[in-house]
Structures are given as structure tokens and as C-alpha cells.
Amino acid sequence: YGFINTCLKSLVVEKYGEETWEKLRLQAGVQDSFLTFEVYKDEITMQLVDKACKVLGVPADTVLREFGKYFFEFCKRSGYDHMLRTLGGNLYEFIENLDALHSYLSLSYQAKKILRFWFWFCLFFPQEMNAPSFRVEKNEDGSMHLHYYSDRRGLCHIVPGIIGAAALDFFNIEISMKIVNQTEEEEERSGKKEHIVFLVTQNPLFPCKERNEFSSSSRCLVDSEKQFENQLNKEDLEKAKNANGDRGNSVCPVKKSHWKTLRGIITLGKGKLLRGFDPVYPKSLWIDTKTFCNGLPFHMVFDKELKVKQAGVSIQKIVPGLQTMGICLDQYFRIVHPEVPFTISSIQKFINSQFVFQTRREMMPESWKERPMLELRGQMMWMESLQCMLYLCSPLLRTLHELEERQMHIADIAPHDVTRDLILLNQQRLAEMELSNQLERKKEELRILSKHLEEEKKKTEALLYAMLPQHVANQLKEGKRVEAGEFKECTILFSDVVTFTNICAQCEPIQIVLMLNSMYLRFDRLTTVHDVYKVETIGDAYMVVGGVPVPVPTHAERVANFALGMIMAAKGVQNPVSGNPIQIRVGIHTGPVLAGVVGEKMPRYCLFGDTVNIASRMESHGVPSKIHLSSSAYQCLKYKNFEITERGEIEVKGKGKMHTYFLIRNKSATENEIMGRP
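Quick note on numbering: full-length UniProt numbering labels position 661 of the sequence shown as 661, and the sequence is numbered without any gaps.
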């Protein structure tokens, strides 16, 4: 399930960082996010584990063990610690009831088994894929043998991580687990390819403060017990000691507080000590056979040879063959879970597990041949005095649809049986789960759409910033009015193509477009190299400015280097008429301007002032393949390592006589630096 892969991602990100996860998932070739309810291929998880070992440089068993510890904490944070704490009062009871929990959860959630993600083995495989299970045995020295059965090899190292974390968190004990036996193609559990036996040894782990409190409370208890023991007869005292002895042998003792222990020795009635519980049984059973079979309509009793001795009325109705007492149970049923042979010895070995029986199709009445087979789920109880096994069970039904498929009714189930409530409750839960699944899918779709939207937004902003200065564009996006700004000094450049009118007269329009596009692409790249602002292009005219919209002291040097780059770049653009490189004229002037946005449709950032006119005159009165400077531009550049020659006085239209110059080269920069090449 996606929850497993999400947990693995969270572990890597939390301990090693987002970059490590990105590297790991790219090597594994998997997506970045996983849906909780979605079933994913085993290969995805295996790939992630394999790549984690390589990327992190640690063995697989270490990765799996760490994952087991982290997974337990991950499930706790997801809100399932309360459910897990109620499984047992000690570690033995906790493990013993794991299979029962798995059975219940699989009943409650057939398709969307979200709660089954407590344990990794419930999540890796749907119910139909033989989920692994546990069997635990007590040893005389207080240790345990934990039997782990799985149809997947190589994942057993997750178990010590999870069990160890649960033992420390729930029962305050540290445990060590080591593999003492490992077999394949297990015969004890059919369908399981791996059987691992762990030796579990444990030691209580109390903080110093708690240990001192425990010691003092123990001394108080000794004094209290001496007073009470004087009032006990020998029989009561013996029972009390036996009861304490039984609790002392608990595989995983839980420390009682002083007051809890005092409550355990409060006397009642005639002063008998209530430390242990001894049930009282009637001399004879006060229930007749008919009432028993009606009250427990789905029970069965069978002997060592599997011969049926007794059966409830509802199961007789569904499987009429059971009315013939003495028939063999395995003729009518097969064991679905746990996957053990249908023998008394195998059943006794796994007697703490919940058993699931399924009817055999060939033995069912004709009316059942087209229906799904009935499954029963319940517990086995060995009756030593009768040498018989009692199977207390209920129909394994999850939804109303399953009930209808088998043409059964709620009335067929005993009123006291919670299966009635589970069927109705689960119907509601499945609807909620489906809704939750849809919401999660929509959330994932929205995340992807949001990511695409962000990418498109960046493209749009890049296009907008290419047309307007960034701060101006941001103000317009916010609906603000952009005020015109005055810049006391900036450098403006104009350029145009020599004999452009003649070229247009002799060429096809597409040739002109291709020529200009080739030239402007080169010039646009240079604006980025020298950090100048492109104001606009009109036909063959190209206009840039330095020091606007962001004032900088080096505006003249930037524009000068850009102009040198333009002359070099133009040599790479072919004249479509002559086939020779095109020639351009460049004019530069430095002075004050006013800048602002004009228009609402296709707004432009424009420059106004006499500086613009003079820069344009420098270009129109220039010389092909030369950079024409005004005297103010010359004053800004004359001490900046540029080679400049004097042109002298010329007549400028509308301005009269002006002293101008030609920019030759930058004495401190190479051609590659001017062109922005590496």
C-alpha cells in the first residue's frame, strides 16, 4: 500500500534530507508521492530499499530494521497507538493477538484496508495474497520463540525493528531478537515460503526515579501484607501465593503502582484476599441442547478424527450434510487461515489464532453452486474431558452485498453476534473510505495541476519580464499605477541596418523576418551578458539603455561593451541580397531621461527626453560598422580602458554642430568576454 512507500520516503527525508530522497527515487525510477489507499507493485518498495542500501552505504538488514522502528513511530503519529495498546497487557499477549487484529481489520476493510497499515506485512499484500502471520511460544527462562511465516523472502529484519519499538514504547522493556532457525517451503504452514524463528529475550527498563519509587512501594507492600496474612487461613494464603506466582511468570511483567497493588489486596465479604480470580462452575450445565444450538447457530464440535458431534442450527441450514452426525468435517470445509493442514494436531498448535473455514463447493446444495462460498471465522477451544474441539464462529461477511450474494439475511445471525453491527457499520465505512480515497486522488490531481500551473506561471512571468522591467510588471500585476520616474544620467544606444530599405525592396518578406530574427536573437543574448535593458525594436532599429530602470554607475561601460558585441555579432548575420555579412550603424549618447509606462493594451516602458533624440541622431549620422559617440558619452568612457578616436565636429540635424567620437575597442576585455563566451 502507498502508506508503506510514503513512510519510507518520510524516513529518508527526515534523517538524510530531501536531496537524498530525490537521488534515491530517481535511481529507483519511482514517483515522488504515493496514495495511501492505492496498491503498488512489490517491485517499487524493493527497488527503494535496494537503492537506499546503495545510496546510504548500509546493509539491507540495517535499513529494514531502522525502517521497522520508524514505521512504528509513523503509525503512532497517524493515530493508531491507542488501538495497538489495547492488544495485550504484556508483550506475549500483544504478539499473540496480532493475527486476531489482522483478521478483524481485514473483515472491516475488504477493499480499502487503511487500518491494516499498522504492520508492514498487512500492507505489502492484499488479503488474497497470503499476508504473513505470527505464532509465539513461552520458554521456561522467560524468553520467547517468535515464529514468523511469510510468502515473501528477505523482509524478516523489519520484524525486530517493529517489535522492539513496540516493546519499549508500550511495556517499557528492551528486547533483543536473533534468528535461531530459518526454513523455506514451510510444511507447517502451507503457502508460506519462509518460516523464521526469533529468540526474544527481554529485560525491564525503568528510569532511576521510577525504580526508586518501585522499591519503596515494595517495602510498604511487605508491611501491609504481614498485617493481612494474620487474618488469612492456610488455604486462602496458598491461593494468594499461587495467584501471585502465576503473575510473576508473565513473559512481560508490567510494574504496578503502590496504590494499584493496595487495591488488589482490599478484602471483601468474609475477608478473603482478592489477589487472584478463581471462577465458579455449576455442577451441571444449565442449558439444554436445543437452546445451545439455537443460541450459537454457527458453532461446531468435532473429535480427533474430525467427526462432527454437534452443530448450530444456522450452519446446518446452509450445509445440510452436517445434520448427519459423524461425518468428517474436512469433507465439507477447508481451512483458509491459518494455512495449516486440517488435522487436530495442527489446529492445537495454532489454537490461539483465529480460524477461517470455507465451504467446499462440491459438497454444497445445488442452490449454492452459483453463489460465493460461505466463510466462517472464529476461535478453537479444546475440551480435554470430551477430547473434542469446539469451533465458535460467525459468518465472515463484510458488507450487505456479500450477505445478499449468499442469499442470507441479518436474521440468520444471532442477535448477540457483533457481525450484525460490523456488516452495517462497514457499509458506512466503505462509503466513507471511498469518499476519502476520491478526496486523496483529487488532492493529488490538484497538487500536479498546481505544479503545472506554477511552471506556466513562471513562463508567463518570464514573457512579461521580457516586455517590461520586473518591478514595473509586478506593480501592474497588483493593479497599481506605475508612476513615471526621472533618471539623472543614463546611456542610450540606437542601431540600424545599413541599406535596410534596399534589402527589403529586393527580398521576400520571409527573408527579411528571418534575417532580423537571427540578428535580434544575438543582440538579445548580449543584453543579458552586459545587463542592459532592451527598450524596443522598430523594424531594423534596436534600442537599449543602461542605468534604467535600475540606476547603476557603470551604465556607460555596459552599453559600450554591448555595442562592441553588436558589431561582432552582426558579422554572423547574412545579407539575403548579397550573401555577405550585414553592416549596422550604432549611436550612443549619455544624459537624463524620463521613463514610464504608456498605454493599457500592450503597455510599453518608454523613455522620453532630448537624450533619446540625440542618441538617435548619433546612430543616423554614424558610419557603417562603427560606434558613434556623443561628447557626453565620451566623457563617461575616456578613463575606462576603451580605445576611442576623435571624429571631430559634424552637422547634426536639429542640433547644429556637435563634437563626436568613434569607439574602437575595449583594451582590457577579450572578444570572448565581450561576446559572453566561456
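Fair warning: there could be bad hints in the mix.
To be verified - Below are the DSS-like pairs computed for lysine-lysine, each with C-alpha atoms no more than 25 angstroms apart in a straight line: (1) Lys-54 x Lys-76; (2) Lys-626 x Lys-601; (3) Lys-69 x Lys-178; (4) Lys-15 x Lys-69; (5) Lys-369 x Lys-349; (6) Lys-458 x Lys-601; (7) Lys-571 x Lys-457; (8) Lys-626 x Lys-653; (9) Lys-451 x Lys-534; (10) Lys-69 x Lys-23; (11) Lys-571 x Lys-626; (12) Lys-9 x Lys-41; (13) Lys-451 x Lys-9; (14) Lys-458 x Lys-571; (15) Lys-41 x Lys-317; (16) Lys-41 x Lys-69; (17) Lys-626 x Lys-640; (18) Lys-317 x Lys-307; (19) Lys-653 x Lys-640; (20) Lys-601 x Lys-640.
Said to hold, decoys possible - Derived CB-CB ranges, DEER-like: (21) Glu-434 x Asp-50: 19 to 25 angstroms; (22) Ser-33 x Gln-310: 26 to 32 angstroms; (23) Ser-385 x Gly-79: 41 to 47 angstroms; (24) Val-39 x Gly-676: 50 to 56 angstroms; (25) Gln-438 x Ala-541: 15 to 21 angstroms; (26) Gly-676 x Val-55: 57 to 63 angstroms; (27) Gln-310 x Arg-371: 34 to 40 angstroms; (28) Ala-541 x Gln-635: 22 to 28 angstroms; (29) Gly-676 x Lys-443: 42 to 48 angstroms; (30) Glu-432 x Lys-15: 32 to 38 angstroms.
Hints are computed from structural coordinates only; laboratory data are not their basis. For clarity, every value in this text was computed on a predicted model and none was experimentally measured. Beta carbons: idealized from backbone N, C-alpha and C, even for Gly.
Assessment of proposed distance window 19 to 25 angstroms (beta carbons of Glu-434, Asp-50):
Taking Cβ atoms as reference, Glu-434 and Asp-50 lie about 34 angstroms apart, which means the hint is violated.
What's the verdict on Lys-9 and Lys-41, does the C-alpha distance respect the 25 angstroms limit or exceed it?
16 angstroms, holds
Going straight from one Cα to the other, do Lys-626 and Lys-601 come out at no more than 25 angstroms?
37 angstroms, violated
Is the gap between the beta carbons of Gly-676 and Lys-443 within 42 to 48 angstroms?
45 angstroms, holds
Verify the proposed pairing of Lys-451 with Lys-9, using a straight-line Cα cut of 25 angstroms.
This hinted pair holds, its Cα atoms lying about 20 angstroms apart.
Are Lys-451 and Lys-534 close enough, with their CA atoms no more than 25 angstroms apart?
Violated: Lys-451 and Lys-534 sit about 31 angstroms apart, past 25 angstroms.
For the pair we were handed, Lys-41 and Lys-317, check the Cα-Cα distance against 25 angstroms.
42 angstroms, violated
Satisfaction of hint between Lys-457 and Lys-571, Cα-Cα up to 25 angstroms
37 angstroms, violated
Hinted pair, alpha-carbon criterion (25 angstroms max): Lys-69, Lys-178. Please report holds or violated.
Holds: Lys-69 and Lys-178 sit about 16 angstroms apart, inside 25 angstroms.
Falls inside 22 to 28 angstroms, the C-beta gap from Ala-541 to Gln-635?
Since the Cβ atoms of Ala-541 and Gln-635 sit about 26 angstroms apart, the hinted range of 22 to 28 angstroms holds.
So if I understand the rule, the pair passes when the alpha-carbon distance is 25 angstroms or less; does Lys-626 with Lys-653 pass?
19 angstroms, holds
Proposed proximity, Lys-640 with Lys-653 (alpha carbon, max 25 angstroms):
30 angstroms, violated
Consistency note: the structure conflicts with the earlier hints numbered 1, 2, 5, 7, 9, 14, 15, 19, 20, 21, 22, 25, 26, 27.
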